[in-house]
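The lines below spell out each chain.
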Amino acid sequence: MALHASQLNIGDTHSEVVASNLTRTQIVQYAGASGDYMPLHTDEVYAREVAGYPTVFAHGMLSMGATGMMLTNWVGDGRLTEYSARFTRQVWPGDDLTATATVTAIDSIEGQHFVQLDVVTVNQHGQEVINGKATARIDP
Amino acid sequence: MAEYRFPVDASQIMLFARAVGDKNPIYHDAEYAKNTEVGGIIAPPTFVQAAAQYDPNFPLRPRIGEPWFGSGREPTGVKPKEKAAADGKKEGAIGQSARVLHAEQKFLYHRPIRPGDVLTVTTKPGKRWEKEGKRGGSLKFSEAISEFRNQDGELVVTAIMVGVETGQTVTQN
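Chains A and P are the protein sequences, given in the same order.
Under the numbering used here, the residue at position 59 of the first sequence is numbered 59, and the numbers go up by one with no gaps.
Under the numbering used here, the residue at position 127 of the second sequence is numbered 127, and the numbers go up by one with no gaps.
No lab work stands behind these hints: they were computed from the structure.
Here a beta-carbon is modelled for each residue, glycine too, at the ideal position from N, C-alpha and C.
Treat the hints with care, since some could be wrong.
List of simulated lysine to aspartate or glutamate pairs, EDC-like, C-alpha gap at most 20 Å [to be verified]: (1) Lys131/P to Asp152/P; (2) Lys106/P to Glu128/A; (3) Lys134/P to Glu128/A; (4) Lys23/P to Glu128/A; (5) Lys106/P to Asp96/A.
Listed next, with one range per pair, are the computed distances between beta-carbon atoms [claimed, not checked]: (6) Ala105/A to Gly65/P: 23 to 29 Å; (7) Thr122/P to Pro93/A: 42 to 48 Å; (8) His14/A to Gly39/P: 23 to 29 Å; (9) Asn57/P to Pro93/A: 26 to 32 Å; (10) Gly137/P to Thr55/A: 47 to 53 Å; (11) Pro7/P to Gly126/A: 40 to 46 Å; (12) Gly11/A to Lys23/P: 40 to 46 Å.
Derived coverage of chain A by chain P (criterion: at least 3 residues anywhere in the stretch with Cβ under 8 Å from a Cβ of chain P; other residues may be distant) [what the hints assert, rightly or not]: (13) 2 to 12; (14) 109 to 122.
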């Protein structure tokens, strides 16, 4: 299931739909799993009336976690060595998220091969919500 | 430098994977995981976020017997800074945290996290910088760098969180 340096090319991509019609319940589920109960994510009344947002929005880390699923499905379990994300736009209930990784480099360091990836996740309007990078160990 | 312990169990890994929508059996099925390269259940890439459950100082978790800033019968708790000032009150730490958004996150993976690991988490501040935002007023960025070490003292994950404190509600649409 691991990727092979000999079979990868710069510019290769892998995409997955990582959320469909994201629900408020999943946002609450993430709050419970992560321990981050920030009312901006979990409390519609607070988000609208106190904070002035149109509704609750997802934790950035929920989107990063969902995007990480695309990465591990592609590079294999336990293979990531680095993963970073900037949260460039909020994710709202009802959003559909598609995550894409693009190969930017294939390296060999002391006999161990690595792939470097650009990571972008967009919503149903094509707007970027996550922009990141990842590195994974790969096979020869 | 803050330090606390984060015991990792299989249930929490399963619940975390469910919450991000990941049904990969490596996160819940020990029989399946036994025959994989990693040889057992491991945690998903962003799992160390769940350390917040054990962080004694984490401000975004309700505490038994203490006021919470979410809504009950009505929106209560922390007021926006202006309202707090009008009431002659300081905004307080929770009010500030309500305006701090997560801007960026980076993980460095050194070893897989497995059920039964007892991680020691140490967090120290990193860089700080400021810039003018297009829509959010003046933006103050700050890093928090957390190291997660296992029961054998081995570094497992390094997590770098970048928070941004906005002067106002951030609107993007």
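Any hints this thing doesn't respect? Which numbers, in order? 1, 4, 5, 6, 7, 10, 12, 13, 14
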